[in-house]
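In order, the protein sequences belong to chains A and B.
Mapping of the first sequence onto the working numbering: position 141 corresponds to residue 230, and the numbering continues sequentially without gaps.
Mapping of the second sequence onto the working numbering: position 76 corresponds to residue 91, and the numbering continues sequentially without gaps.
Simulated from the structure, these hints should not be mistaken for laboratory data.
Be aware that one or more of the hints could be misleading.
Said to hold, decoys possible - In silico SDA-like cross-links for lysine to any residue, where the CA-CA straight-line distance does not exceed 20 Å:
no., chain 1, residue 1, chain 2, residue 2
1, B, K214, A, R331
2, B, K28, A, G290
3, B, K155, B, K214
4, A, K389, A, H430
5, B, K17, A, E144
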Amino acid sequence: MRRELISPRAHWQSQAESYGFNFHTMYGEPYWDESRYYAFTLEQIERDLEDPTTELNQMCLEVVDKVMASEELLTRFAIPREHWEMIARSWRLRDPSLYARMDLAYDGNGPAKMLENNADTPTSLYESAFFQWLWLEDRLKDGTLAPGSDQYNSIQDKLIERFAELKKSWPPVPLHFACCQDTDEDRGTVQYLQDCAEEAGFDACFTFIEEIGLTPQGGFVDGQDRPIHAAFKLYPWEFMLREEFGQHLNKSQTRWLEPSWKSVLSNKALLPMLWKLFPNHPNLLPAYFADELHLAGESKLVEKPIYSREGANVRILEGGQAVADSDGPYGEEGIIYQAFHPLARFGEDYALIGSWLVGDEAAGISVREDSSLITQDLSRFVPHIILP
Amino acid sequence: MKRSRSVLSPRFKKQATAPTAAAVSVSLMLSGCSPAPKQETAQVYKTAEECILVNPDQEQLCRDVFGEAMALAEETAPRFNSLADCELEFGADQCMGGGEFAGSLADGDQYAESSGGGGWFMPMMYGYMMGSMLSGSSRKYRSAPLYSSKNARSPMYGKLVTGAGDTVGRANDRVVRTSPNNFTPKKATTVTQRGGFGKIARVKSTQARSSTKSSSRGWGG
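Please build the complete structure, drawing on both the sequences and the hints.
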């Protein structure tokens, strides 16, 4: 794994705009950064990232199974009691999932370490599945990359296949796509998924989360009063379960993507549970619940709220003192500790691997760079290749 | 082979403009879920008098069609359980009582929340569209009530919307092209509430903006 500095393509911004990639620059900072790329060997991809992702996913599913069977664990995961039955049913019926992104610390040597599993509402999908592929095609054509350079990225093919499977197994209902108002990035991600669903033959419609309505019969409808039979929502389960309409989720007939059992996976209480079930697994970092801190032998720990997004409210502790932190609005539902593991450093930047799953299949990676040890929403997306 | 086989499809090409929330909801409401069926042209009037001004020789027809639209509005306008919910959607002073509540709004009564289900609130008709079709050798006219919102945050703001929520044009359009389906009256649906999802996101994004350098408003991770 190495980083190469190159000149960006002259036309990348106009290309981005013609494909509706409207969040290539966010908050005045570049987000898509093609002044560099990461190069991996095929062995690094297959042995260190692809296979471990498949295995980690299976391990995570075993945790879900354990949690569903234990009131104590559901409580530790801060799943509201009134939703236990619905979530357990969703798991028992194996309601199908769509996708997930595991964040891995990896520097090209030794095993990748899982930092967390964004199993409910992962973003950076469009850049990973689509735009970095356009970049690869262009850079092969203009000779910047050696012939035979490849990319670990079958995300889009797998997404379309996955939607086609869902379409076959569901009644012929339109699929709604929903995200919050006023966020270009989420809107772009949801539009991309909608495009993929339409490629797979779904009849798709869009609604904003805030526009969703409830009929007197207890069914959800979109902003135009069309019933929502099935919906992909880029909106966290931990919010939905606690909001006003949350009490109607159980009775409503809506099929959700991701399914409600994902609230157990996209929850950082997953990390100490993994360590308990698979101690010393090479792809895991030691992790502890807040009341088990005495078990931690590590001098450097990362404190994470069990619910948090985009690296918010994370603190790095050394000998009990915070040496780095990030603010944010999370933490009230509890925290966990995870052994500190440095991110790969290239020049002045830290690189984080996002490893994608579609259904239960490993599907590709993204690389994000940040100048800080805590990767946040201002990190930059950098394309990658597999060396010929 | 580690990569996608067929990433490019015309579907992924987009307009060059950034999707602001408003632009997106307009285009999506116009396109709906499925490809638009055959379109037809309809005239938009606010009152019978407007129609007569344009068609001085059709006074009776104008009055009949307006009356029909008013009657349809009573039956098919979107219904709300509270005046506040209706005004949130359509703007201040744009709503009125229906059923048991009909006519009593003018005296400034405070309504209790609907309990028996005999009363509701609905937007006032903004105008109506009048279409015609050939039926055998004679021409038949038909109408549908239209609504518009004065609340800039509503997805219906500045648009002409049918009782079933389909956008047919902009608020000041005089002629619209619309699917014939939009003339088929649909039974009024009572929307109990909206906005039951999304509040935590709003609170968290306010907190995040006030406490950090990060200004993320996305809810992905």
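Evaluation of the provided hints:
Simply put, K214(B) and R331(A) have alpha-carbon atoms about 10 Å apart, close enough for the 20 Å limit, and the pair holds. Of the pairs offered as hints, the one joining K28(B) and G290(A) holds, with about 18 Å between alpha carbons and a cut-off of 20 Å not exceeded. At roughly 48 Å between alpha-carbon atoms, K155(B) and K214(B) are farther apart than 20 Å, so this suggested pair is violated. The straight-line distance between the Cα atoms of K389(A) and H430(A) is roughly 9 Å, inside the 20 Å bound, and the hint therefore holds.
Using a Cα cut-off of 20 Å, the hinted pair K17(B) and E144(A) holds, with the two alpha carbons roughly 18 Å apart.
The earlier numbered hint that this structure contradicts is number 3, and it is the only one.
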